[in-house]
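Residue-level listing of the chains:
Protein chains: 4
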Amino acid sequence: MIRFLTAGESHGRYLVVIIEGLPADILLQPEDINRDLARRQVGYGRGKRMEIEKDEVEIISGVRWGKTIGSPLNLIVANRDWVNWQEKMSIRKEDADTSLAVTRPRPGHADLAGALKYNQKDIRHILERSSARETTARVAVGAVCKAFLEKFGIHFFSHVKAIGGISADLSKLSYSEIASRAEKSDLRCADEEAVKKIKALIDEAKKKGDTLGGIAEIVVTGVTTGLGSHVHWDRKLDGRIAQSLMSVQAVKGVEIGLGFESAERFGSQVHDEIFYQTSSEKGKSRAGFSHKTNNAGGIEGGISNGEPLVVRCAMKPIATLMKPLKSVDILTKKPVEAAVERSDICRVPSLAVIGEAAVAFEVTRAFLEKFGGDSLGEIYSRYEDHLKTLENF
Amino acid sequence: MIRFLTAGESHGRYLVVIIEGLPADILLQPEDINRDLARRQVGYGRGKRMEIEKDEVEIISGVRWGKTIGSPLNLIVANRDWVNWQEKMSIRKEDADTSLAVTRPRPGHADLAGALKYNQKDIRHILERSSARETTARVAVGAVCKAFLEKFGIHFFSHVKAIGGISADLSKLSYSEIASRAEKSDLRCADEEAVKKIKALIDEAKKKGDTLGGIAEIVVTGVTTGLGSHVHWDRKLDGRIAQSLMSVQAVKGVEIGLGFESAERFGSQVHDEIFYQTSSEKGKSRAGFSHKTNNAGGIEGGISNGEPLVVRCAMKPIATLMKPLKSVDILTKKPVEAAVERSDICRVPSLAVIGEAAVAFEVTRAFLEKFGGDSLGEIYSRYEDHLKTLENF
Amino acid sequence: MIRFLTAGESHGRYLVVIIEGLPADILLQPEDINRDLARRQVGYGRGKRMEIEKDEVEIISGVRWGKTIGSPLNLIVANRDWVNWQEKMSIRKEDADTSLAVTRPRPGHADLAGALKYNQKDIRHILERSSARETTARVAVGAVCKAFLEKFGIHFFSHVKAIGGISADLSKLSYSEIASRAEKSDLRCADEEAVKKIKALIDEAKKKGDTLGGIAEIVVTGVTTGLGSHVHWDRKLDGRIAQSLMSVQAVKGVEIGLGFESAERFGSQVHDEIFYQTSSEKGKSRAGFSHKTNNAGGIEGGISNGEPLVVRCAMKPIATLMKPLKSVDILTKKPVEAAVERSDICRVPSLAVIGEAAVAFEVTRAFLEKFGGDSLGEIYSRYEDHLKTLENF
Amino acid sequence: MIRFLTAGESHGRYLVVIIEGLPADILLQPEDINRDLARRQVGYGRGKRMEIEKDEVEIISGVRWGKTIGSPLNLIVANRDWVNWQEKMSIRKEDADTSLAVTRPRPGHADLAGALKYNQKDIRHILERSSARETTARVAVGAVCKAFLEKFGIHFFSHVKAIGGISADLSKLSYSEIASRAEKSDLRCADEEAVKKIKALIDEAKKKGDTLGGIAEIVVTGVTTGLGSHVHWDRKLDGRIAQSLMSVQAVKGVEIGLGFESAERFGSQVHDEIFYQTSSEKGKSRAGFSHKTNNAGGIEGGISNGEPLVVRCAMKPIATLMKPLKSVDILTKKPVEAAVERSDICRVPSLAVIGEAAVAFEVTRAFLEKFGGDSLGEIYSRYEDHLKTLENF
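Protein chains in written order, with the numbering used here: chain A, 4 to 396; chain B, 4 to 396; chain C, 4 to 396; chain D, 4 to 396.
Worth flagging that the hints you see were computed from the coordinates, not collected in a lab.
Accuracy of the hints is not assured; some may be wrong.
Covered by chain B, according to a simulated footprint, are these stretches of chain C (three or more residues, beta-carbon under 8 Å) [stated by the list, open to error]:
(1) 10-18
(2) 57-71
(3) 91-99
(4) 376-386
Calculated lysine-lysine pairs in the DSS-like style (CA-CA distance at most 25 Å, straight line) [claimed, not checked]:
(5) D/124 - C/391
(6) C/295 - D/199
(7) D/124 - A/154
(8) D/391 - C/124
(9) B/391 - A/337
(10) D/200 - D/210
(11) B/175 - B/154
(12) A/91 - A/57
(13) A/337 - B/295
(14) D/199 - D/210
(15) B/187 - A/391
(16) B/200 - B/211
(17) A/391 - B/336
(18) B/199 - B/211
(19) D/57 - A/96
(20) B/295 - B/175
(21) B/96 - C/154
(22) D/391 - C/337
Owing to the predicted nature of the structure, the values given are computational and were not obtained by experimental measurement.
Even glycine gets a Cβ: it sits at the ideal position worked out from N, Cα and C.
Bound-form chain A, shown alone:
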């Protein structure tokens, strides 16, 4: 049982995370998390805030002398720009200044629906929390989960499949090539030709005061068979991953394996046939069942099937446009242009990293449900037994 809560406003003092339910003895240092925080911040088409941010985490509790101790993990990421916001975002009532109220909701954002729901006349009370800044906290959670999962040979990578309709051609690349090329690209995209076109499109969007979305793919290798369950709808791994990804700011679509394309094919062209390899055939240490294709994206019946998890999510363009859309002032009810908060042109490379985190949490949750356990050694031993069971089934 692992769970987490995040807190923190976009321009507040800290982003804060508490993760409860981690086993003891996981090696964890701030560097393990900072690496993903930095990966989240890379990206052609991102605005100046990225330079201010340079996020760094502090581990406040749950770790002692390099290892988790079983108690709740608390992570804090300071806002480096806090000095400029401490009055505007002060908790003290004497700092109130309604003249600063944001009253022109941005189409595509939580601004209007949130103001109406919470009955707030200052949209800042909504946008500070709905901002994608919050994904920093989720990336931190994901980094912790990945530090745990990698002990079991479970690894994550992500890359940008398309931006603004320009798709990467990855047809001739292996997973490891995609991973390494994406990691080096400032668009997290493995196809250099596509990168050129996309950058031109981003430049065009920037010039026009417009924004772009795209598609990111997350791949998880080394996932053992048996995470998730078919027995009840809310225990299915694919459903949980879908929630986790769809809840990322600006995501409007999620697909697994062939996804929407599978709806266009005959069954005989979709389902991954089953094979069996003895240890000698396979040339690896373990015998077992396998597939030669992975159209299912690693999940059948809500259960991981031993193949890599492959999921994609579609991000709509950023909702804050420098050339603002039509809106209505919530106080005067007059037509106005939407407010402009400092923002980016395109955040799909960042989405890829956030997506890794979103998936990593759900894989960890399913993993801990399958294996239970309170310390890494205990879980490791159970995991080995599980692999043997698969081999000798």
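Since chain A is already given, all that's left is putting chains B, C and D on it; use the hints.
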């Protein structure tokens, strides 16, 4: 707070549902549920089991004299074919007969991953529960939720957008036209031209022993602003709907509003601009904010924004092929053809109805979180206050 | 992760349970559950309904050929008196007959608070669900949990400590003596002298139209060290057990180990000193830490400590008095005598069995959190490893 | 839906809380929380750490300009003694120093069971989180809940009923007298005679290196009818309160209303008879049902009944004795004296304040389930409607 559990094997005696957290005083009779159970069973391309099934629900508890009373609702759907299964699915140990074991896992199903996870040598122990038969229970839950939501002017319809790559052309149809045409179609599809082509494709698939998937769209009208929340990832309405839909058997993709297409456009072509109409202008009873487009599919920042919810899900082709795929016997480890359980060619029309149910539950959950309340009158009064707040904001 | 929902009105057609999250391969037959249902029904001082009831469970799903298969378990207990209630408790609106409305709330019951909360003018809509009849369902859940736990040497017994202020003297009895004597007693009480006095008191109460409560103790032996956790308040085993027991109808107090008495002593007279026994000293198979006293009742810091769990709960007298208390008619607002539903004089023996069930569920939940696992064999192997870890710590 | 997580080790840098699910517009400033943090620290018989602590909270997020904004609330309490612990509790692996390991578990603490569960050879990894220091975080949560509930006329007080077997005589005091006397007492006890005896007992315990426990009572006035529910065991308010209190460090018993004493009486002497008062009779603004006694402690059938909630909990003596008990070194397995961490003699006054917090959270949770709502105004209006419904029932 509403929650439910379902139980029941595909060929077991009953499918059973308990729903906990419904307010009192909702008019509810078996007919309200049977209507959707029947809608789920319609569909060109479905096999003979549909005729056996003719599902009918019994309401066992939670309703007295026509109304809910606040206590848990128990629904039971009997298996009309139970007489032929009572030994094969008996709970008694003396009925055990391992010669009946299913040992040839079907690609695309939970069969293999489930057998490995639960360490079962008879795949029937997996497939009985992973079967899409379970969606009957979920449709029953959805029907109850819809009976509640319609008191607040919230209505559902669904239709088939595409099967096997053949898409319906709906460009000239209003929602009400789509709804009424779909309801009359045995493919739940509003485009007659497409219907003809799809039927031909289904016939072809049948001849080849193959199967088909497709895309269903669910639309919910009358959803008030303010369901779901931006404040924490797991409270976002879009994320929850994504889980609910992705957890439906064979669904591999979910999108909301423009979905994946929004990733291909500029922001200025995606975000729904905001307008304001006074009561006179609008010609309806309520003044308020509105949009002229609905690319967001009714959800911004994880919160319903007053526009219809529009969600789509992609279903892969049915995994049980009459011309079976390659597999491996789990006992002998020898190559075999996959098992063949009686099944259908295409279930996308059914998916549409199941999708309504999946969405209806999540809308109800968010609705009850927003409005609380223990009896319908109490909730109704709060709902009216909410509408006034929106109007006078 | 194990969870359950129950449904069913006191005079409804069925009581129904769904338990989700049980591992596969647990031997389970109706007899295993019926045994505890029968134990729940024994008791001097119970009314005639017990004879009508003679509860018997049907296992509808989740078990095949004698064993659980991992899918949700559905249990149904039919109301043998349904024929006399099928109109009064009908779900059909045409059977409504407001002349039958119960309008005189019983002090001490949910009647009035429930009617006000759910805004119901017929108290039957409340009392049917608040009735202790529902504990039948919980006892069924407990019996399933016990069938699982006994595979790991975890055993339950319970007995009546006191009724109406008359306490059993157990000072010279071992656990096994208490257990066997209680099991044979129609008051589930191990002290024959106390039994005589209590029966006289029950007879007196009966004559006066009055009722009695008392104290039941539940003991669980064989609980391994390490269930529950200190790391977060809602994972503490003692807190969970307290909720489970306090939520049983009529329970007003819960204590663990020395309980309230520990508040009267010095620390040096309370805390259980720690010893260590090698395998030879101990004369058993396992070496390890131990205690010579068990004032903690088997839980320290929210974690089981290897000693038997010992918990007690106090039941107030039954709220339905044959000589009714003062009340107010909810329609007329006039003073009246409270309604009289058929009821018992004293249900403390039954509480003991219900308490076993309440504790059994929470022990199972904590057990599955510690060990995870999807099939009994897998869990058994992990459990053995755990015992070795304790031994070799 | 309100929930919270806490993090932080006893000697760690911060204690941290995230509360999710609070409505917007609650006035909240650090002073509101610090008041209860200070009340928690008062108490004759507490050790020196209290002076070091002088806890002060920082509100990091969820509040702007004096009010909550609907987003998660983050509270941080710094450890004023951190400078002396920053190496011993460092998260950096290079600071590891196994020579500091705590290896002598204290009877009565989580020390041994926790070390075995989490497989830790340094008991500090357990005791830092199991320490009652964590209750600071829970008191902060409670203070926030109380700030919310007091808008609805719901008020809390608590007092010490007994310490070490010496009971306060409160028979002639009204609630308000008990409350005000307790508040002024450094033992939070309303009976001055008892206070004298208790202080002498504490002095005696101190001299002997021993410790004491006792009983605290929490009273909540102004709780409206209808919080909690009878319909499912885990929604009963009494069950939830029992968990919340039993999960407080060192609590071994919980009772509501008459509690264990109700088990000794006849039903006619226990159940609170029901009366009705019109507005004129009552001399207050609201007509309605009422009781003249409150043996139920404000909860019937798991639902608040309009009378004050009255709950008590029993605390065992503190487990850290200056004259240590027998233990075993976990490394050498040799008999030793238990470790001595700096600690107190008696913490029952503190328990009373913690108990208020534990109950306040559960009342808030049930309140928000009943009333829903996202902003204070919305909830206030619903609450008023509810009161009218009760009046006009």
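Okay, the hints, checked on the actual structure:
no., hint, verdict
1, 10-18, "holds (count 6)"
2, 57-71, "holds (count 9)"
3, 91-99, "holds (count 8)"
4, 376-386, "holds (count 4)"
5, D/124 - C/391, "holds, 16 Å"
6, C/295 - D/199, "violated, 36 Å"
7, D/124 - A/154, "holds, 22 Å"
8, D/391 - C/124, "holds, 16 Å"
9, B/391 - A/337, "holds, 20 Å"
10, D/200 - D/210, "holds, 15 Å"
11, B/175 - B/154, "violated, 30 Å"
12, A/91 - A/57, "holds, 22 Å"
13, A/337 - B/295, "holds, 16 Å"
14, D/199 - D/210, "holds, 17 Å"
15, B/187 - A/391, "violated, 54 Å"
16, B/200 - B/211, "holds, 17 Å"
17, A/391 - B/336, "holds, 16 Å"
18, B/199 - B/211, "holds, 19 Å"
19, D/57 - A/96, "holds, 24 Å"
20, B/295 - B/175, "holds, 17 Å"
21, B/96 - C/154, "holds, 18 Å"
22, D/391 - C/337, "holds, 20 Å"
Hints 6, 11, 15 from the earlier list are contradicted by this structure; the remaining hints agree with it.
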